[in-house]
Amino acid sequence: QSALTQPASVSGSPGQAITMSCTGTSSGVGNWHIVSWYQQHPGRAPKLLIYDGTKRPSGVSNRFSGSQSGDTASLTISGLQAEDEAHYYCCGYPGDNTFLFGGGTKLTVL
Amino acid sequence: QVQLQESGPGVVKPSGTLSLTCAVSGGSISSSTWWTWVRQPPGKGLEWIAKTHHSGSSKYNPSLRSRVTISVDKAKNQFALNLTSVTAADTAVYFCARVVSWIWYFDIWGRGTLVTVS
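Protein sequence lines correspond, in order, to chains A and B. For the first sequence, the residue numbers in our numbering are -15 to 94. For the second sequence, the residue numbers in our numbering are 2 to 119.
Calculated from the structure, these hints are not laboratory results. Quick reminder that beta carbons are idealized off the backbone N, C-alpha and C, glycines included. Be a bit skeptical, because a hint or two may be false.
[Unchecked claim] Distance condition first, Cα-Cα at most 27 Å in a straight line; then the derived DSSO-like pairs of lysine-lysine:
1) Lys45/B <-> Lys60/B
2) Lys31/A <-> Lys14/B
3) Lys45/B <-> Lys77/B
4) Lys60/B <-> Lys39/A
5) Lys90/A <-> Lys45/B
[To be verified] To give an idea of the chain B side of the interface with chain A (calculated C-beta under 7 Å), a few residues:
6) Gly57
7) Lys75
8) Trp103
[What the hints assert, rightly or not] Just a few of them, taken from the derived set where beta-carbon distance is under 8 Å, the chain B residues facing chain A:
9) Gly44
10) Glu48
11) Trp49
12) Asn62
13) Trp105
Pulled out of the complex, with its shape left as it was, chain B reads as follows (with noise of 0.2 Å):
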């Protein structure tokens, strides 16, 4: 059974870069399927983020694209984000979660980390 855990600072300054991790366990990350960030500030509803695959394949949430890179370490089998010049709009819980390709949905979520930009 494939689990996700996000890990990653949870304070992080204005103007910084936000970098997270989500570590996959009980499956490879190279399987045939994508991965993908979600986050959801406090209060307010899902935003989806980006999405990577192992062969090095990403896309990103026009909103964000200037600001975010994903992308996957097959070696440590996890994939990370990269969100910079962050501000206080940017906090929010991290979510990563597994993508099921051609259907495109999210199958399985990690737990989630608060990151709050202070």
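With the rest of the complex left out, here is chain A (with noise of 0.2 Å):
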């Protein structure tokens, strides 16, 4: 069974940087490093920030950015901003052609 562990919250002030973590476990051989990470306002659709454990999409703030070291992914939002309030989700491509989200961690800026 394979599963993406996040912490269910973290916090920060305007202007710190933050990090969250994302651990893939699994019973077999997993891709973990393809990893994609997406914010997600309430009431929103998620909004992708980062793919391939440490790409950036166009028009994604160079204040995210992504990386990984072995079996964890990690995000970090430096020079938090008030609008950076919101839940993140990892998503792990397993290598069995299926996707498995992160149970989210919810991030307040304090």
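Starting from the two chains in their separate frames, assemble the complex, guided by the hints.
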């Protein structure tokens, strides 16, 4: 059984940097390096922030960056702004042609 | 610019079948990409449901596989989701999205449609 684990919540003050994690566990081989990140504000559709672990689509602020080490992917938001308050989801492609979302992390900007 | 729009009944009776369509505009559903459905129960996280390709290939979330069918209608430039034997646990906002192949991420999303099982 594969799973992607995210912390339920993180918080930070305006101007600070925060990092949230996404850890993959599986009973078999997994392509956890194929990870994407999505931002979701209440009542809105998810928005792509990061794909292929570290790549940023055009139009996404360079304050958002992704990294990976082993089975853990991370999303860092620098220069935190009030508008960054949202839920963030990682999504992995475990190698069996399916997708798996993490449980999501709620970011609170203090 | 490709846009996606979900449509379907907002309420489905328990044990009934949930049927949704996703209309693709600004591009062809027969392009070399996959199309997918994702759902989100009220106050909860995202759950991937299924993906399909215009060639007819499909893949399903193992936890929903026995109840789900995803299909493409090339003539109408849309794809569909059918979920049978629904219960209250299937109440959710259902999103359709475009999948970027080989790198496997969702780049374009519909606005979502709330389906209540009641």
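Right, here's what the structure says about each hint:
A distance of roughly 23 Å separates the Cα atoms of Lys45/B and Lys60/B; the hinted pair therefore holds under the 27 Å criterion. With a C-alpha separation of about 31 Å, the suggested pair Lys31/A and Lys14/B falls outside the 27 Å cut-off, and the hint is violated. Restraint check for Lys45/B and Lys77/B: the C-alpha separation of about 32 Å exceeds 27 Å, so the hint is violated. With a C-alpha separation of about 26 Å, the suggested pair Lys60/B and Lys39/A falls inside the 27 Å cut-off, and the hint holds.
A C-alpha spacing of about 11 Å is found between Lys90/A and Lys45/B, which places the hinted pair at or below 27 Å, so the restraint holds. The beta carbon of Gly57/B comes no nearer than 15 Å to any beta carbon in chain A, farther than 7 Å, and the hint placing it at the interface is violated. At a threshold of 7 Å, the smallest CB-CB gap from Lys75/B to chain A is about 22 Å, leaving the interface hint violated. At a threshold of 7 Å, the smallest CB-CB gap from Trp103/B to chain A is about 9 Å, leaving the interface hint violated.
Taken as an interface hint, Gly44/B does not check out: its beta carbon lies about 10 Å from the nearest beta carbon of chain A, beyond 8 Å. Nearest Cβ of chain A to the Cβ of Glu48/B: about 7 Å, under the 8 Å cut. The hint holds. Annotation: Trp49/B was flagged as interfacial toward chain A, and the flag holds, the nearest CB pair being 4 Å apart, inside 8 Å. For the restraint placing Asn62/B at the interface with chain A, the shortest Cβ-Cβ distance is roughly 6 Å, inside the 8 Å limit, so the hint holds.
Contact between Trp105/B and chain A, as hinted, is supported at the beta carbon level, the nearest pair being about 4 Å apart and thus within 8 Å.
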